[in-house]
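Visitor: Sequence:
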Amino acid sequence: MKKTLLALLCAIAAWPACATIVIYGTRVIYPAQRQEITVQLANRGDKRSLIQAWIDDGDPNVPPEEVKAPFLLTPPIATVTAGNGQQLRIRVLPNTLPQDRESLFYLNVIDIPPDNPARSGNLLKLAMQNRIKLFYRPQGIAALDEKTVGQLSARRDVQGVTLNNRSPNHITITAIGTGEREQLLKATLMLAPFSQRHIAVSALPGSISTLSLSYLNDYGVKRQQAIPLN
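Residue numbers (mature numbering (1 follows the signal peptide of the UniProt record, and there is no 0)): -19 to -1, 1 to 211.
Quick caveat, the hints were computed from the structure, so don't treat them as lab data.
Mixed in with the good hints there might be a few duds.
With a straight-line cut-off of 30 Å between C-alpha atoms, the simulated BS3-like cross-links for lysine-lysine are [to be verified]: (1) Lys128 - Lys49; (2) Lys203 - Lys167; (3) Lys114 - Lys49; (4) Lys167 - Lys128; (5) Lys203 - Lys114; (6) Lys28 - Lys128; (7) Lys128 - Lys114; (8) Lys114 - Lys28.
As the structure is a prediction and not an experimental result, all values here were calculated from the model.
Working from the sequences, and respecting the hints, build out all of it.
Guide: And the structure:
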């Protein structure tokens, strides 16, 4: 029992060192007009890794063989040698996804480290999972830029502020501030297309007419923009 517990603790302690497979980018955009897109992986370790990749529609607990996302991803399993890369090809399948807004999915990549014959047989091997957002963007929907974020507005009430997203895009907001209070958000939030979200904050002075947002663009780069506060 003690040996097993020690092995588990050692494996957890070494976990960051096992995360050798990285995904280039923090999000994936799939424009509907494209027949296929690619996502690049890289093995930054000194040993080969076995990877498994799949796309889910929001439930991380569904096994890869049971997911129903309308995409074909190849290869679903691959070996990536040390210092080399691997391309994942993603092709959209016939579907009934809405055409007036983006749809949100998630790309999953599991990094399974190789066996080490020099280690004890009692050592627990842990797999690392990367999970990033994949946005399916229908034709006619613009990139996430200043014009898109300009469709956000905010309305104050006695309990806080309600954000209104009138755009067809998902908008990830990392910070909201005013001239007097730098941070109104407790955690990053994502506004779905044509949705509202209420943020509980104490009363804001009536003199404040704008809020300053920090949001992530299509490349995961943080940008700043002011939106009206009514």
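Visitor: Could you run down the list of hints and mark each one as holding or not?
Guide: Outcome of the hint check:
| no. | hint | verdict |
| --- | --- | --- |
| 1 | Lys128 - Lys49 | violated, 33 Å |
| 2 | Lys203 - Lys167 | holds, 17 Å |
| 3 | Lys114 - Lys49 | holds, 16 Å |
| 4 | Lys167 - Lys128 | holds, 26 Å |
| 5 | Lys203 - Lys114 | holds, 16 Å |
| 6 | Lys28 - Lys128 | violated, 45 Å |
| 7 | Lys128 - Lys114 | holds, 22 Å |
| 8 | Lys114 - Lys28 | holds, 28 Å |
Violation of the numbered hints given earlier is confined to hints 1, 6; the remaining hints are satisfied by the structure.
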